[in-house]
Amino acid sequence: MPSFYEENGRFRGFWAWIFSTDHKRIGLLYLLSILSFYAIGVLLGFLIRLELIAPGPTIMRPQTYNALFTLHGVIMIFLFVIPGIPAIFGNFFLPIQIGARDVAFPKLNLLSWWIYMGGAALAILSLFTGGGPIDTGWTFYVPYSLRTPVNVPLAVLGVFVLGFSSILTGINMVTTTHQLRAPGMTWFRLPLFVWGIYATAWIQILVTPVVGITLLLTLMERLVGVGIFDPAKGGDPLLYQHLFWIYSHPAVYIMILPAMGIISEILPVFARRTIFGYKAIAFSSLAIAIVGSFVWGHHMFVSGQSDVASVVFSLLTFLVAVPSGVKVFNWVSTLYKGSIEVAPPLLFALTFIFLFAIGGLTGLFQGALATDVHLHDTYWVVGHFHYVIFGGTGFAIFGALHYWFPKMFGRMYHRKIPYIAWGLLFVGFNTLYFPMLLLGWQGMPRRYFDYLPQFHSLQFLSTIGSWILIGGLILMFGNLVHCLFKGEKAESNPWGGATLEWQIPSPPPRENFDEIPLVSKGPYEYR
Amino acid sequence: MINDRSMETHRDDLGSTLGMWLFLLSEILLFGGLFLLYAIYRFNYSQSFHLAAESLNRPIGALNTVILLTSSLTMALSLYALKQKQSLRSLCFLLSTILLGLLFLFNKYWEWASKFEHGVYPNATRLLERERGEVLFYGLYYSMTGLHALHVLVGIGLLTAMVYFIRKGKVHHERYLPLENSGLYWHLVDIIWVFLFPLFYLIT
Amino acid sequence: MNTYIYIWVSLVMLTGLSVSTAGRNWGRWGLTLALLIAFIKSGLILNYFMHLKDQKKMKWIRWMIPGIFAILVFFIGLTFLDIALR
Numbered sequence: 000m001p002s003f004y005e006e007n008g009r010f011r012g013f014w015a016w017i018f019s020t021d022h023k024r025i026g027l028l029y030l031l032s033i034l035s036f037y038a039i040g041v042l043l044g045f046l047i048r049l050e051l052i053a054p055g056p057t058i059m060r061p062q063t064y065n066a067l068f069t070l071h072g073v074i075m076i077f078l079f080v081i082p083g084i085p086a087i088f089g090n091f092f093l094p095i096q097i098g099a100r101d102v103a104f105p106k107l108n109l110l111s112w113w114i115y116m117g118g119a120a121l122a123i124l125s126l127f128t129g130g131g132p133i134d135t136g137w138t139f140y141v142p143y144s145l146r147t148p149v150n151v152p153l154a155v156l157g158v159f160v161l162g163f164s165s166i167l168t169g170i171n172m173v174t175t176t177h178q179l180r181a182p183g184m185t186w187f188r189l190p191l192f193v194w195g196i197y198a199t200a201w202i203q204i205l206v207t208p209v210v211g212i213t214l215l216l217t218l219m220e221r222l223v224g225v226g227i228f229d230p231a232k233g234g235d236p237l238l239y240q241h242l243f244w245i246y247s248h249p250a251v252y253i254m255i256l257p258a259m260g261i262i263s264e265i266l267p268v269f270a271r272r273t274i275f276g277y278k279a280i281a282f283s284s285l286a287i288a289i290v291g292s293f294v295w296g297h298h299m300f301v302s303g304q305s306d307v308a309s310v311v312f313s314l315l316t317f318l319v320a321v322p323s324g325v326k327v328f329n330w331v332s333t334l335y336k337g338s339i340e341v342a343p344p345l346l347f348a349l350t351f352i353f354l355f356a357i358g359g360l361t362g363l364f365q366g367a368l369a370t371d372v373h374l375h376d377t378y379w380v381v382g383h384f385h386y387v388i389f390g391g392t393g394f395a396i397f398g399a400l401h402y403w404f405p406k407m408f409g410r411m412y413h414r415k416i417p418y419i420a421w422g423l424l425f426v427g428f429n430t431l432y433f434p435m436l437l438l439g440w441q442g443m444p445r446r447y448f449d450y451l452p453q454f455h456s457l458q459f460l461s462t463i464g465s466w467i468l469i470g471g472l473i474l475m476f477g478n479l480v481h482c483l484f485k486g487e488k489a490e491s492n493p494w495g496g497a498t499l500e501w502q503i504p505s506p507p508p509r510e511n512f513d514e515i516p517l518v519s520k521g522p523y524e525y526r
Numbered sequence: 000m001i002n003d004r005s006m007e008t009h010r011d012d013l014g015s016t017l018g019m020w021l022f023l024l025s026e027i028l029l030f031g032g033l034f035l036l037y038a039i040y041r042f043n044y045s046q047s048f049h050l051a052a053e054s055l056n057r058p059i060g061a062l063n064t065v066i067l068l069t070s071s072l073t074m075a076l077s078l079y080a081l082k083q084k085q086s087l088r089s090l091c092f093l094l095s096t097i098l099l100g101l102l103f104l105f106n107k108y109w110e111w112a113s114k115f116e117h118g119v120y121p122n123a124t125r126l127l128e129r130e131r132g133e134v135l136f137y138g139l140y141y142s143m144t145g146l147h148a149l150h151v152l153v154g155i156g157l158l159t160a161m162v163y164f165i166r167k168g169k170v171h172h173e174r175y176l177p178l179e180n181s182g183l184y185w186h187l188v189d190i191i192w193v194f195l196f197p198l199f200y201l202i203t
Numbered sequence: 000m001n002t003y004i005y006i007w008v009s010l011v012m013l014t015g016l017s018v019s020t021a022g023r024n025w026g027r028w029g030l031t032l033a034l035l036i037a038f039i040k041s042g043l044i045l046n047y048f049m050h051l052k053d054q055k056k057m058k059w060i061r062w063m064i065p066g067i068f069a070i071l072v073f074f075i076g077l078t079f080l081d082i083a084l085r
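Chains A, B and C, in that order, give the protein sequences.
Residue numbers 0 to 526, in numbering that gives the first Met the number 0, belong to the letters of the first sequence in order.
Residue numbers 0 to 203, in numbering that gives the first Met the number 0, belong to the letters of the second sequence in order.
Residue numbers 0 to 85, in numbering that gives the first Met the number 0, belong to the letters of the third sequence in order.
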């Protein structure tokens, strides 16, 4: 049977990709575009760190620095981590894992990629038009974003359009999971990755429009001056923060829930054990999605919101730690007495658990009212969310790449190099971000262009870490790209996985299954 | 592609209904953000909101409500007729829905224009001289009814496309889902107006 | 077909009721009544024009609207915790 690479359909060559409605091709389109933006984001991060290697101006001016950290944030959040796992791996593997031939709305799926590219194009266009690159930080807080001369309207429009793409992906994933499961694929036989994407999709559908309207209003505020967020006209800028975080806090779960799904896939395969507490993990995804939607006020403890609101939001925030803890304990129990093979995917998954635990625990300091007053808007926050987003979602994406690479491309990567790359990544990551936690604890504010001499040594160490980390990234991606063309042919099931994607050839044929499978056992039942 | 197997074709129908409802949910929350802002500003400035609402044209608002409700009726009847294989009747009802939608937009335009004449539009100096609460009331009024009118416009576009598809025979009594889904969208836009009307016109 | 027309008549009558009770200085109750009527009207549209009531194959779809309403109430309520008590 020819693979999906060989069957083109109506178009040829390049066109057969950008007009394909095949979920696998769309997944790979997303992979290429999202990783390209990731490379730009990494480059910007590298420049930011380089600037901070010593006090005072080193390689750029303050305004350039403001634009760089804003762009780094916008690209990493809206173009990389939010669409990352649902759009790449969700598209590619969710239909296969539930035994379907495609997603429920293949054309809508293609449209959402086009909209994604359109939003990205608008965001990029905003750099070179109007007042130039935005300097508001990725949160576009009013009233500054209403006053600054830079090109906020176009950038905001770009993010609005990206949100549209996210909603369409969410609708597709929910409908696919409901309607296209193979016979016998009951809800509790779904692989946990599907549960993760499913919970995420609901968040995408339900809260993305809230940020959509917020950004639209900001846009209208810039263009016609409606006055709803403008304090000069009686508006309340704190309401912008409320609406923004009603979306942007659950967005953190859009980033992490599918990542947790990936971890729940990788661990049982390489521990050769069925997952411990399947239902607990599945329901904790839903619990995180629900409770996580009502904690947004913890971003506003020092904004001047009422004390009662702060106390309630703090309490709700601590509640999210419960389902998160449920997951971590279940993962660790899955490993217990397993026959563990530390292959590259498992290595990244274990690193996820370690780094995510640090990220989660440092989050509790900010969730507590008293300590947050000290830590708010310091490097502690920067360290914390890099541990969660990069150490969590980022490493999960690396793990997923190494886990599913043979299935996606039909070739195996060089098995030794990922270990070296992992070493560099792990050391580099902690050298880069752990000093940030210490800096924040000592009171270094975030987003500052300059700093006092007493912070020099830790800032310097952090910059060194960024070099090691980038070395690791280059080695890891170099290995993958090289083996994309030169790697040896992969078998259909190199890891011995029990989920459906491993039961079909690598790479999969155009419609995945010759015959829709009849599912009679759970996803992690090994012989 | 996938539709050559009867069981899946059957499921497909349910799937697009589900997909449409999910989309409607996100539409509700798009307006939900605005309702949140409305609730809070109304709480903060209830006096000015009362005052400002008095100057809105209530008869026109009520007329527009009836127009949209009637268009919802003709929309439902159009789908009903199509399912009964009466595609000509269905087309007539569909066209009246479109006309009623246009009438709604015309009234809305007239209403906005007369406000503009009195210097009541966003960022107008004469408006900014008034109380903060009134500025916010009109800010919300223009944002919410504007976004709603935009949705009516999109709905009219969708229904016009349906007229074309029914005439081409691509939408018919067995394949009525496109019309049904456009109808769902139209009814939702109607429901949003059902809430906008009392909140802006009837709170004096 | 008659059902649709009955529903339309009741919708128009409810609109009339809503307009005629407005501006009677009932304070908070005026707003409550207006919203109550709006909810009844949207319930009629959802169940009859949009056929939620006849949704047999996916009964859970019916719960989506109350669900979304609950979420909205939470969003607005939690924001009020800030605004009303600031």
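Check the hints yourself; a few may be wrong.
Below 27 Å or equal to it, Euclidean Cα-Cα: the simulated DSS-like pairs (lysine-lysine) are [unchecked claim]:
{"id": "1", "chain 1": "A", "residue 1": "Lys-520", "chain 2": "C", "residue 2": "Lys-52"}
{"id": "2", "chain 1": "C", "residue 1": "Lys-56", "chain 2": "A", "residue 2": "Lys-106"}
{"id": "3", "chain 1": "B", "residue 1": "Lys-167", "chain 2": "B", "residue 2": "Lys-107"}
{"id": "4", "chain 1": "C", "residue 1": "Lys-52", "chain 2": "B", "residue 2": "Lys-107"}
{"id": "5", "chain 1": "B", "residue 1": "Lys-114", "chain 2": "C", "residue 2": "Lys-55"}
{"id": "6", "chain 1": "C", "residue 1": "Lys-55", "chain 2": "B", "residue 2": "Lys-167"}
{"id": "7", "chain 1": "B", "residue 1": "Lys-114", "chain 2": "A", "residue 2": "Lys-232"}
{"id": "8", "chain 1": "B", "residue 1": "Lys-82", "chain 2": "A", "residue 2": "Lys-232"}
{"id": "9", "chain 1": "B", "residue 1": "Lys-114", "chain 2": "C", "residue 2": "Lys-52"}
{"id": "10", "chain 1": "B", "residue 1": "Lys-167", "chain 2": "C", "residue 2": "Lys-52"}
{"id": "11", "chain 1": "A", "residue 1": "Lys-336", "chain 2": "A", "residue 2": "Lys-415"}
{"id": "12", "chain 1": "B", "residue 1": "Lys-114", "chain 2": "B", "residue 2": "Lys-167"}
{"id": "13", "chain 1": "B", "residue 1": "Lys-84", "chain 2": "B", "residue 2": "Lys-167"}
{"id": "14", "chain 1": "A", "residue 1": "Lys-520", "chain 2": "A", "residue 2": "Lys-415"}
{"id": "15", "chain 1": "B", "residue 1": "Lys-107", "chain 2": "C", "residue 2": "Lys-56"}
{"id": "16", "chain 1": "B", "residue 1": "Lys-82", "chain 2": "C", "residue 2": "Lys-52"}
{"id": "17", "chain 1": "A", "residue 1": "Lys-232", "chain 2": "A", "residue 2": "Lys-278"}
{"id": "18", "chain 1": "A", "residue 1": "Lys-278", "chain 2": "C", "residue 2": "Lys-52"}
{"id": "19", "chain 1": "A", "residue 1": "Lys-415", "chain 2": "A", "residue 2": "Lys-488"}
{"id": "20", "chain 1": "A", "residue 1": "Lys-488", "chain 2": "A", "residue 2": "Lys-336"}
{"id": "21", "chain 1": "B", "residue 1": "Lys-84", "chain 2": "B", "residue 2": "Lys-169"}
{"id": "22", "chain 1": "A", "residue 1": "Lys-278", "chain 2": "A", "residue 2": "Lys-485"}
{"id": "23", "chain 1": "A", "residue 1": "Lys-106", "chain 2": "B", "residue 2": "Lys-167"}
{"id": "24", "chain 1": "B", "residue 1": "Lys-107", "chain 2": "C", "residue 2": "Lys-55"}
{"id": "25", "chain 1": "A", "residue 1": "Lys-106", "chain 2": "B", "residue 2": "Lys-169"}
It should be emphasised that the hints constitute simulated quantities derived from the structure, not laboratory data.
Do the hints match the structure? See the list:
1. Of the pairs offered as hints, the one joining Lys-520(A) and Lys-52(C) is violated, with about 36 Å between alpha carbons and a cut-off of 27 Å exceeded.
2. Simply put, Lys-56(C) and Lys-106(A) have alpha-carbon atoms about 25 Å apart, close enough for the 27 Å limit, and the pair holds.
3. Simply put, Lys-167(B) and Lys-107(B) have alpha-carbon atoms about 33 Å apart, too far for the 27 Å limit, and the pair is violated.
4. For the given pair, Lys-52(C) sits about 32 Å from Lys-107(B) by alpha-carbon distance, which is inconsistent with the 27 Å threshold.
5. Under the criterion of a C-alpha separation no larger than 27 Å, the hint pairing Lys-114(B) with Lys-55(C) is inconsistent with the structure, at around 47 Å.
6. For the hint linking Lys-55(C) to Lys-167(B), the alpha-carbon distance of about 31 Å lies beyond 27 Å, and the restraint is violated.
7. The straight-line distance between the Cα atoms of Lys-114(B) and Lys-232(A) is roughly 19 Å, inside the 27 Å bound, and the hint therefore holds.
8. A distance of roughly 53 Å separates the Cα atoms of Lys-82(B) and Lys-232(A); the hinted pair therefore is violated under the 27 Å criterion.
9. Under the criterion of a C-alpha separation no larger than 27 Å, the hint pairing Lys-114(B) with Lys-52(C) is inconsistent with the structure, at around 41 Å.
10. Of the pairs offered as hints, the one joining Lys-167(B) and Lys-52(C) is violated, with about 32 Å between alpha carbons and a cut-off of 27 Å exceeded.
11. Proximity of Lys-336(A) to Lys-415(A) is assessed by CA-CA distance (about 26 Å); at most 27 Å being required, the pair is judged to hold.
12. For the given pair, Lys-114(B) sits about 43 Å from Lys-167(B) by alpha-carbon distance, which is inconsistent with the 27 Å threshold.
13. Restraint check for Lys-84(B) and Lys-167(B): satisfied, since their Cα atoms lie roughly 15 Å apart, inside the 27 Å limit.
14. Between Lys-520(A) and Lys-415(A), the direct Cα distance comes to roughly 34 Å. Violation of the 27 Å bound is thereby established for this hinted pair.
15. Straight-line distance between C-alpha atoms of Lys-107(B) and Lys-56(C) comes to about 39 Å, which puts the hinted pair past the 27 Å bound.
16. This hinted pair checks out: Lys-82(B) and Lys-52(C) have alpha carbons roughly 18 Å apart, not beyond 27 Å.
17. This hinted pair does not check out: Lys-232(A) and Lys-278(A) have alpha carbons roughly 52 Å apart, beyond 27 Å.
18. Restraint check for Lys-278(A) and Lys-52(C): the C-alpha separation of about 32 Å exceeds 27 Å, so the hint is violated.
19. Restraint check: the Cα-Cα separation between Lys-415(A) and Lys-488(A) comes to about 17 Å, which is no more than 27 Å; the hinted pair holds.
20. This hinted pair does not check out: Lys-488(A) and Lys-336(A) have alpha carbons roughly 33 Å apart, beyond 27 Å.
21. Our distance criterion of 27 Å between C-alpha atoms is met by Lys-84(B) and Lys-169(B), whose separation comes to about 13 Å.
22. With a CA separation close to 41 Å, the supplied pair Lys-278(A) and Lys-485(A) exceeds the 27 Å bound.
23. Proposed proximity of Lys-106(A) and Lys-167(B) is supported: the alpha carbons are some 22 Å apart, at most 27 Å.
24. This hinted pair does not check out: Lys-107(B) and Lys-55(C) have alpha carbons roughly 38 Å apart, beyond 27 Å.
25. Annotation: proposed proximity of Lys-106(A) to Lys-169(B) holds, straight-line Cα distance about 18 Å (limit 27 Å).
Comparing the model with each earlier hint shows violations of hints 1, 3, 4, 5, 6, 8, 9, 10, 12, 14, 15, 17, 18, 20, 22, 24; every other hint is respected.
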